[in-house]
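**Student:** Next come the chains, spelled out residue by residue.
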Amino acid sequence: MAYDKFNILTSTAVPLPLENVDTDQIIPARFLKATERKGFGDNLFRDWRYNNDDSPKESFVLNNPIYSGKILVGGKNFGSGSSREHAAWAVYDYGFRCVVSSFFADIFRNNCLNVGVLPVQVSTEFSEQLFNAIYDDPNTEIEVNLPNQTITIVSTGAQESFEINSYKKENMLNGFDDIDYLQNIKGEIESFANGLLL
Amino acid sequence: MNKTLFDKVWDSHVVKKIEGGPDVFFIDRHFIHEVTSPVAFLGLKTRGLKVLYPERTFATADHNTPTINQHLPVQDPLSANQLKALEDNSKEYGISHWGLGDKKNGIVHVVGPENGITFPGATIVCGDSHTSTHGAFGAIAFGIGTSEVEMVLSTQCIMQPKPKKMRINVNGQLGKGVTPKDVALYIISQLTTSGATGYFVEYAGDVFESMTMEGRMTVCNLSIEMGARGGMIAPDETTFAYLKGKPLSLKGEEWNKAVAHWKTLKTDANATFDKELTFLASDIEPMITYGTNPGMGMGISKNIPDADKVEGGVATYKKSLEYMGYHENDSMIGKKIDYVFLGSCTNGRIEDFRAFASIVKGKKKADHVTAWLVPGSHEVEALIKEEGILDIITEAGFVLRQPGCSACLAMNDDKVPAGKYAVSTSNRNFEGRQGPGSRTLLASPLVAAAAAITGVVTDPRDLL
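Heads up: the sequence lines are chains W and Z, in that order. Counting from 1, one number per residue, gives the positions in the first sequence under the working numbering. Counting from 199, one number per residue, gives the positions in the second sequence under the working numbering.
Keep in mind the hints are simulated off the structure, nothing from the lab. Mixed in with the good hints there might be a few duds.
[To be verified] Not close to chain Z: a few residues of chain W, all C-beta gaps over 12 Å, as computed:
{"no.": "1", "residue": "SER83"}
{"no.": "2", "residue": "TYR94"}
{"no.": "3", "residue": "ASP137"}
{"no.": "4", "residue": "PRO138"}
{"no.": "5", "residue": "THR140"}
{"no.": "6", "residue": "SER155"}
{"no.": "7", "residue": "THR156"}
{"no.": "8", "residue": "ALA158"}
{"no.": "9", "residue": "GLU160"}
[What the hints assert, rightly or not] Restraint-style ranges between C-beta atoms, simulated for each label pair:
{"no.": "10", "chain 1": "Z", "residue 1": "SER499", "chain 2": "W", "residue 2": "ASP136", "range": "43 to 51 Å"}
{"no.": "11", "chain 1": "Z", "residue 1": "ASP286", "chain 2": "W", "residue 2": "GLN129", "range": "48 to 56 Å"}
{"no.": "12", "chain 1": "Z", "residue 1": "HIS459", "chain 2": "W", "residue 2": "GLU141", "range": "51 to 59 Å"}
{"no.": "13", "chain 1": "Z", "residue 1": "ASN367", "chain 2": "W", "residue 2": "GLN129", "range": "48 to 56 Å"}
{"no.": "14", "chain 1": "W", "residue 1": "VAL61", "chain 2": "Z", "residue 2": "ASP286", "range": "25 to 33 Å"}
{"no.": "15", "chain 1": "W", "residue 1": "GLU141", "chain 2": "Z", "residue 2": "HIS269", "range": "40 to 48 Å"}
{"no.": "16", "chain 1": "Z", "residue 1": "ARG245", "chain 2": "W", "residue 2": "SER68", "range": "29 to 37 Å"}
{"no.": "17", "chain 1": "W", "residue 1": "LEU196", "chain 2": "Z", "residue 2": "ASP286", "range": "40 to 48 Å"}
{"no.": "18", "chain 1": "W", "residue 1": "GLU143", "chain 2": "Z", "residue 2": "HIS566", "range": "40 to 48 Å"}
{"no.": "19", "chain 1": "Z", "residue 1": "ALA467", "chain 2": "W", "residue 2": "GLY157", "range": "28 to 36 Å"}
{"no.": "20", "chain 1": "W", "residue 1": "PRO65", "chain 2": "Z", "residue 2": "ALA278", "range": "52 to 60 Å"}
{"no.": "21", "chain 1": "Z", "residue 1": "LYS362", "chain 2": "W", "residue 2": "THR150", "range": "24 to 32 Å"}
{"no.": "22", "chain 1": "W", "residue 1": "ASP4", "chain 2": "Z", "residue 2": "LYS201", "range": "38 to 46 Å"}
{"no.": "23", "chain 1": "W", "residue 1": "GLN129", "chain 2": "Z", "residue 2": "ARG245", "range": "54 to 62 Å"}
Note that beta-carbon positions come from the ideal geometry of N, C-alpha and C, so glycine has one too.
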């Protein structure tokens, strides 16, 4: 599906400094039973966010009213494990448009790019600066500038550039997805397939 | 020539290169299941697209199917709805579908190879990260998201940047009681769960050369657990012997021609890798995990490492041990077990049941242990009966269930209760993976069998 265009996002951020946050934590398997892409945000981080009786766990960051925003700042190796795109849907559906980490798992990163969530990989040092800035002032704003490929802590001016391949960048800026592209080269795909043995 | 096995298969499937972007990558075989495909079909409908090559896609129901009373209607309405969607979508688009009750039904990564759908040099994807299993045949196989499932259905291609290349060599001979699962858990414990992120792995060396196809599948299956997109092993006589005569394998002259080509699928002597690691078989003992990711594993005779001796954050490590109810420097031997799970796309094949039976034969299941023995497919189930394994496990107090993913991800009713400990032959020990609050110890079928008999974590070498 085509998704919202992404250009410059300036927002407060939610800190989640744990490492190896796997997709089973982002969305547990028992919430994967839908046949439509709806309502996954309610179950984002379900078992960290809610007690068994569905009451919110106060200690979890999403239940702490002082932190909010469209940017989620995670620890190293974010999104490891299962290929479930539901994890990226849950992140999007909850309202995040950007996830920042010092290291992403491959499939999660791809899935994010395919649903309109921008994965921004930063250095370990910059990741620490981000966490410190957010903890010092939960209202601190972060600017994610896709055209310039930079992420900036607005209050301090601390900035780092991030990588994204030019094809994906163009897609995100315009809200295009891969199927739009692939449909346009179907002829080339069919002639390639005709040359295959199996 | 200076190409790796991976280069040869990858390069021959690139339809088009995009400057500064990914490759348009052609997919030979596509597996779908009930959980990650419905939204992809919905996408096709919304856009008014067709399935370009329905004969290249295969559907099987496995993730949330019950493992008892499969002849009865599925009780959970949401699961039933997904199963129905898979059946209806397959029918509408002309895709072959092995649903519940079909004798070919089973876990997607078990039935694919079993039926000869998987073949050397193929590119294979599925909306499931353990698609890496099929790399055992010298295929490039990896998991994809649902948007990509929609791409493959509609265009048989996905957009992928070519990963970097890593070779992992394990040389020497494995000791008594050391299985392919232990080799994989050992490698992951050395690399951590992100050590191979960005890479595609080739496994090489004596240990893999002498492994059966079942063992190679277990190893390649777990590639994703160190972050690799996939892992592969060069096809050889063992591969060809496994595939020959399978229902969908090529036959006659076509088979001979294919084998001649498959024999060329190996890494050239002067090809280079971005990273190369070598381990010794003699350093590997039966493994067990003690934490909440597959990298937190160790030899079963060792003690849980101190936080300051492990890579990564101390806070994350301590949170993990706290969840498990374990402490630094604890020995795992003797820890009480409540559940044992034998099955999954990692260890749900006939060889795994043979291994389990070799330990439990003539003994009795510990009274307090609940054991779920779940074959990966009906074909595995049939072999269990044919080889007399069913008699051995029944005699020892175990019950054989029906095929499916089961307690590996606990989408069906096979859930480990909160706080309980399960020795599982599956692939992930994440928090709550086997049910909210469940605690998972990943291990081989031998370690699982030993725990099922004694009721505590036990070195299987003591029972062999």
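**Student:** Does TYR94 of chain W sit more than 12 Å from chain Z, CB to CB?
**Tutor:** holds, 17 Å
**Student:** Please settle this one: GLU160 of chain W was flagged as non-interface, so is its CB more than 12 Å from every CB on chain Z?
**Tutor:** Consistent with the label, GLU160 of chain W stays out of reach of chain Z, its closest Cβ about 20 Å off (over 12 Å).
**Student:** Confirm or reject the claim that LEU196 of chain W and ASP286 of chain Z have a C-beta distance inside 40 to 48 Å.
**Tutor:** violated, 30 Å
**Student:** When you take the CB atoms of VAL61 of chain W and ASP286 of chain Z, is the distance between them in 25 to 33 Å?
**Tutor:** violated, 41 Å
**Student:** Take a look at whether the Cβ-Cβ distance between SER499 of chain Z and ASP136 of chain W falls inside 43 to 51 Å.
**Tutor:** holds, 47 Å
**Student:** For the range 28 to 36 Å, tell me whether the beta carbons of ALA467 of chain Z and GLY157 of chain W fit it or not.
**Tutor:** With a Cβ separation near 53 Å, ALA467 of chain Z and GLY157 of chain W fall outside 28 to 36 Å, so the hint is violated.
**Student:** PRO138 of chain W: least C-beta distance to chain Z exceeds 12 Å?
**Tutor:** holds, 20 Å
**Student:** For the hint 29 to 37 Å, verify it against the beta carbon of ARG245 of chain Z and that of SER68 of chain W.
**Tutor:** holds, 34 Å
**Student:** Confirm or reject the statement that SER155 of chain W sits farther than 12 Å, beta carbon to beta carbon, from all of chain Z.
**Tutor:** About 26 Å separates SER155 of chain W from the closest Cβ of chain Z, which puts it past 12 Å; holds.
**Student:** Does the hinted range 52 to 60 Å hold for PRO65 of chain W and ALA278 of chain Z at CB?
**Tutor:** Violated, at about 39 Å.
**Student:** Does the Cβ distance between HIS459 of chain Z and GLU141 of chain W fall inside 51 to 59 Å?
**Tutor:** holds, 58 Å
**Student:** Does ALA158 of chain W clear chain Z by more than 12 Å, comparing its Cβ with all Cβ atoms of that chain?
**Tutor:** holds, 22 Å
Of the hints listed earlier, those the structure fails to meet are numbers 1, 13, 14, 15, 17, 18, 19, 20 and 23, in rising order.
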